[in-house]
Amino acid sequence: MILFEVKMIMHAQELIIKIEAKRNQMMNAGRHYGLTSGKVLQASQELDELLNLYQNEQALTPHPY
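Under the numbering used here, the first residue of the sequence shown carries the number 1, and numbering increases by one thereafter.
Be aware that one or more of the hints could be misleading.
Claimed, not checked - Computed beta-carbon distance windows for the label pairs: (1) Gln45 - Ile16: 12 to 22 Å; (2) His32 - Glu57: 30 to 40 Å; (3) Leu60 - Arg31: 17 to 27 Å; (4) Gln42 - Ile17: 13 to 23 Å; (5) Met10 - Leu51: 16 to 26 Å; (6) Leu51 - Asn28: 17 to 27 Å; (7) Met10 - Leu35: 32 to 42 Å; (8) Met27 - Asn52: 11 to 21 Å; (9) Glu20 - Asn56: 28 to 38 Å; (10) Gln45 - His11: 34 to 44 Å; (11) Asn28 - Glu49: 17 to 27 Å; (12) Glu57 - Thr36: 17 to 27 Å; (13) Gln45 - Ile17: 25 to 35 Å; (14) Gly38 - Thr61: 31 to 41 Å.
Hints were generated in silico from the structure; no laboratory data involved. Virtual Cβ for every residue (Gly too), placed ideally from N, Cα, C.
Kindly generate the complete structure, drawing on both the sequences and the hints.
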């Protein structure tokens, strides 16, 4: 069980790094191309997917209470 929890934590940390990178990419695209550009929309949708993965993973993580 501990190995599973460690793997989940490591994967969550990887997702957080990817989420932060995608958020930065989206914000930079918004500054450069404007908030309504297709590049911003694409980055926003990809960010949504990453956030959903993270949220779903957190729901599966056992909580110590």
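Hints, one by one, checked against the model:
1. The given range of 12 to 22 Å is respected by Gln45 and Ile16, whose C-beta atoms sit roughly 19 Å from each other.
2. Checking the proposed 30 to 40 Å range against His32 and Glu57 shows it holds: the Cβ atoms sit about 31 Å from each other.
3. Separated by about 36 Å at the C-beta atoms, Leu60 and Arg31 break the suggested range of 17 to 27 Å.
4. Range check, Gln42 to Ile17: Cβ separation about 20 Å, and the 13 to 23 Å hint holds.
5. Between Met10 and Leu51 the C-beta distance comes to about 18 Å, which sits within the given range of 16 to 26 Å.
6. One distance hint, 17 to 27 Å for the beta-carbon pair Leu51 and Asn28, holds here, with the actual separation near 18 Å.
7. With their beta carbons about 34 Å apart, Met10 and Leu35 fall inside the hinted range of 32 to 42 Å.
8. For the hinted restraint 11 to 21 Å between Met27 and Asn52, the CB-CB distance of approximately 20 Å keeps it satisfied.
9. For the pair Glu20 and Asn56, the beta carbons lie near 18 Å from each other, so the given range of 28 to 38 Å is not met.
10. In this structure the supplied range 34 to 44 Å is violated for Gln45 paired with His11, their Cβ-Cβ distance being about 21 Å.
11. About 19 Å separates the C-beta atoms of Asn28 and Glu49, a value consistent with the hinted range of 17 to 27 Å.
12. At roughly 31 Å, the beta carbons of Glu57 and Thr36 sit outside the given window of 17 to 27 Å.
13. Our hint of 25 to 35 Å for Gln45 and Ile17 is violated, since their Cβ atoms are close to 19 Å apart.
14. With their beta carbons about 35 Å apart, Gly38 and Thr61 fall inside the hinted range of 31 to 41 Å.
Checked against the numbered hints above, the structure breaks hints 3, 9, 10, 12, 13 and satisfies the rest.
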